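S.K.: As a plain string of letters, each chain reads:
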Amino acid sequence: MKLTKTLLATSALVMSAGAASAIDLTFVSWGGAYQKSQLEAYAKPYMEAHPDVNIIWDESSAEAVAKLRAMNEAGNLTWDLVDVDAADSFRLCDEGLAMEYDPDELLAPADDGTSASEDFGAQIVNACYIPQIVYSTTFGYRTDLVGDTPPSNICDVFDLEAYPGKRSLEKRPINNMEWALLCDGVAKEDIYDVLATDEGQQQALAKLGTIKDQVIWWSAGADTPQLLADGEVVMGSTYNGRLFSAIAEQNQPIGMLWDAQVFSFDGWVIPTGLPEDRLAVVKDFLFFATDTQRLADQAKYISYGPARASSAPLVGQHADLGIDMAPHMPTDPANAQNVFYYNFEFWADYRDDIDAKFQAWLAG
Amino acid sequence: MSIGHPEIPKPSLTGFTLPLMAVAGLCLGYVVGTANGQPLLGLIAGAAVAAALGYVLASFVPDRRVGRLGTAAVAAIAGLLMAGVSGAVVGVIIGLIVSWFAYWLSTGDYRSTVPVYATAGDVLWHNTFKLICGLIFFFLIAPIVVVLPLSFNAQDFFTFTPEMLAFDPEGYSLKHYRDFFNNPDWTRPLKNSFIIAPLATIISVSLGTLAAIGLSQSHVPGRRAIMAILISPMIVPLIISATGMFFFYSKLGNWMEGNLGLSQDFIGYVKVVLAHAVLGIPFVIITVTATLVGFDRSLTRAAANMGAGPVRTFFKVQMPLILPGVISGGLFAFITSFDEVVVVLFVGSASQKTLPWQMFTGLREQISPTILAVATVLVTFSIILLTTVELLRRRSERLRGMSPT
Numbered sequence: 001m002k003l004t005k006t007l008l009a010t011s012a013l014v015m016s017a018g019a020a021s022a023i024d025l026t027f028v029s030w031g032g033a034y035q036k037s038q039l040e041a042y043a044k045p046y047m048e049a050h051p052d053v054n055i056i057w058d059e060s061s062a063e064a065v066a067k068l069r070a071m072n073e074a075g076n077l078t079w080d081l082v083d084v085d086a087a088d089s090f091r092l093c094d095e096g097l098a099m100e101y102d103p104d105e106l107l108a109p110a111d112d113g114t115s116a117s118e119d120f121g122a123q124i125v126n127a128c129y130i131p132q133i134v135y136s137t138t139f140g141y142r143t144d145l146v147g148d149t150p151p152s153n154i155c156d157v158f159d160l161e162a163y164p165g166k167r168s169l170e171k172r173p174i175n176n177m178e179w180a181l182l183c184d185g186v187a188k189e190d191i192y193d194v195l196a197t198d199e200g201q202q203q204a205l206a207k208l209g210t211i212k213d214q215v216i217w218w219s220a221g222a223d224t225p226q227l228l229a230d231g232e233v234v235m236g237s238t239y240n241g242r243l244f245s246a247i248a249e250q251n252q253p254i255g256m257l258w259d260a261q262v263f264s265f266d267g268w269v270i271p272t273g274l275p276e277d278r279l280a281v282v283k284d285f286l287f288f289a290t291d292t293q294r295l296a297d298q299a300k301y302i303s304y305g306p307a308r309a310s311s312a313p314l315v316g317q318h319a320d321l322g323i324d325m326a327p328h329m330p331t332d333p334a335n336a337q338n339v340f341y342y343n344f345e346f347w348a349d350y351r352d353d354i355d356a357k358f359q360a361w362l363a364g
Numbered sequence: 001m002s003i004g005h006p007e008i009p010k011p012s013l014t015g016f017t018l019p020l021m022a023v024a025g026l027c028l029g030y031v032v033g034t035a036n037g038q039p040l041l042g043l044i045a046g047a048a049v050a051a052a053l054g055y056v057l058a059s060f061v062p063d064r065r066v067g068r069l070g071t072a073a074v075a076a077i078a079g080l081l082m083a084g085v086s087g088a089v090v091g092v093i094i095g096l097i098v099s100w101f102a103y104w105l106s107t108g109d110y111r112s113t114v115p116v117y118a119t120a121g122d123v124l125w126h127n128t129f130k131l132i133c134g135l136i137f138f139f140l141i142a143p144i145v146v147v148l149p150l151s152f153n154a155q156d157f158f159t160f161t162p163e164m165l166a167f168d169p170e171g172y173s174l175k176h177y178r179d180f181f182n183n184p185d186w187t188r189p190l191k192n193s194f195i196i197a198p199l200a201t202i203i204s205v206s207l208g209t210l211a212a213i214g215l216s217q218s219h220v221p222g223r224r225a226i227m228a229i230l231i232s233p234m235i236v237p238l239i240i241s242a243t244g245m246f247f248f249y250s251k252l253g254n255w256m257e258g259n260l261g262l263s264q265d266f267i268g269y270v271k272v273v274l275a276h277a278v279l280g281i282p283f284v285i286i287t288v289t290a291t292l293v294g295f296d297r298s299l300t301r302a303a304a305n306m307g308a309g310p311v312r313t314f315f316k317v318q319m320p321l322i323l324p325g326v327i328s329g330g331l332f333a334f335i336t337s338f339d340e341v342v343v344v345l346f347v348g349s350a351s352q353k354t355l356p357w358q359m360f361t362g363l364r365e366q367i368s369p370t371i372l373a374v375a376t377v378l379v380t381f382s383i384i385l386l387t388t389v390e391l392l393r394r395r396s397e398r399l400r401g402m403s404p405t
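Protein sequence lines, in the order shown, are assigned to chains L and H.
Under this note's numbering, the residue at position 174 of the first sequence is numbered 174, and the numbers go up by one with no gaps.
Under this note's numbering, the residue at position 271 of the second sequence is numbered 271, and the numbers go up by one with no gaps.
FYI, nobody ran anything at the bench for these hints, they're computed from the structure.
Note that the structure is predicted; figures quoted are calculated from it, not measured.
Do not take every clue at face value.
Simulated coverage check for chain H against chain L, where a stretch passes if three residues somewhere in it have a Cβ under 8 Å from a Cβ of chain L [to be verified]: (1) 147-158; (2) 252-265; (3) 346-354.
Idealized CB from N, CA, C, for every residue including glycine.
Please model the complete structure; the sequences and the hints are all you need to start from.
M.R.: Below is the structure:
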């Protein structure tokens, strides 16, 4: 009798433990310092509060669209939450691969009671996109290779006489075309009108052509910091957080050129088709991870601006170095004197066409 | 006149040794001069110094050891004065090479490995051939050797820093190795690789060996067609196999999850192990088939005659004799799985992330020297593995009296 009872009790215990057993969630992000900031600011605190949740990271955000399409076709969804560029979230949302959500129901209100949809404001660029950060694509330069007057204007990138040497630019038309037109005398407010025409595109490519043989084209965010550290380029574009890390954490002789930086957003999307139990945990995580304090915490680890208006005053000091993070944010007033906003509508309409022309120009 | 003669081993000093030394000096001087921004000066100084050195060593310093150490010491001091510690190291290396070259020419050593009747042309070709072989080895090894010192970089970039070049201990660090062994981003893939590769190897060795033995029987119908199909994973572009496997194993995984109630994590490992086993099988089949060619079939008949069943014959007679082929096939299968990145990217999910996968994403997202530390560890591991297997193979051959020596 006693034996049976013990056995029953044990098996009941095992079964209840099984029911509440650990759940493995796979989050997709970009790797590197950015993923580390997500881990430290909210994934670790969340796992500490919920020991039954284990988060596994997949650094596949760069191929998120293609992989989600393939998973959808094969009926084999292995991702639970995906970090994507705002531009990619449009494609995923249109194709129904990302889930639409209600901001005021899913996301926490600000501490003063402002609703989430108001606190995030225009950053919620579509019905699927859950904003996290604002980042910028901008230039860094080698302080020891630019002489006595460091570059302060975006057009210095195109000035081979004042700043001889190689530059690194991203191997795609976005941002490069805008910068080229701006430095070819097109007024900032007219740029997208000009770029919509074939002549405008040729004008931008012609301007890029003046420095083409001095350009090293990059495709990964880590390339430009590496090239700058090697002294292979005198200046190069990349994400501002990468440059911050090279300057502040690696002590490289690199300076920031904030002029005409291009703002863009990065955030989460929930893939369509998650089973109920996993979806519930993901929603719980998102409520926690996008609240005012957590987004402000993220800025301790990387110099990207929090997407919530209410998080900005809470941005403090770097977690290890103890330096004030506010002056390194792309959104800091001193840095944001001349800013471009990534134009989602324009690039959604023209991307394929201009991409093809740009690649043909590169090969020619 | 150019026919070699054992009684005249020493070549002419002014007509042979000195001009060749000058040419060598020209090349070295040009390299050093270019590095310092004065190629022309380097060219002339290099030629003059090398010729003078050749003359001094050949005429006044008959003792090789004294000559070579002396040259190295002088070059080291010159290097130290010019460029600090790193200059001294470069100086020692250049000094040793140049002095070796001087003695090699002046004492007639360059003829020592060719028969005495070889013509000048033969000798020239013989030594050029050796040089070409050396260059090919350099071409194969240099890219691997370059990453070794970089993995000790104290900075987070793939760059030889000025501190490293000056051999300043500050410029070196083991932190990337610490990162590799402590960071879960790397320990987890390491563990996964060591789970997946051995299991895939066991499966491909068992199936591949059986297939090879079956296909070596002359009475099997359609042998060539079956062989071609089994080898195809090696020939079809990997990206094509990977796409196909992705869809095939997705369905298989869904079925296992739905009907057998297995956990997603476990199914993930099964999928990757099976996919890697498929990639490894062709290697096993090819190596085992090759060993079976030399296998004497009358041995199996003899065993059967003595009353042994087929299974016993296989394990007691056939297997020991084809073991070298099985082992080298297994090694190839292991390395295939251990190095594989394309298929696992498609078939695996993040919890099956292997080392090559992590290195691939690491290179793309964050150019971190931890990747070089991993590469160094893996190169060392491969060398140890191959050496061990080769030693074991020689030992077993010696024990069975198969080795010709």
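S.K.: Give a verdict on every hint.
M.R.: These are the hints, each one checked on the structure:
1. 147-158: holds (count 4)
2. 252-265: Holds: 4 residues of the stretch 252-265 of chain H have a Cβ under 8 Å from chain L.
3. 346-354: Three-residue rule met by the stretch 346-354 of chain H, so holds; n is 4.
The structure meets every hint from the earlier list without exception.
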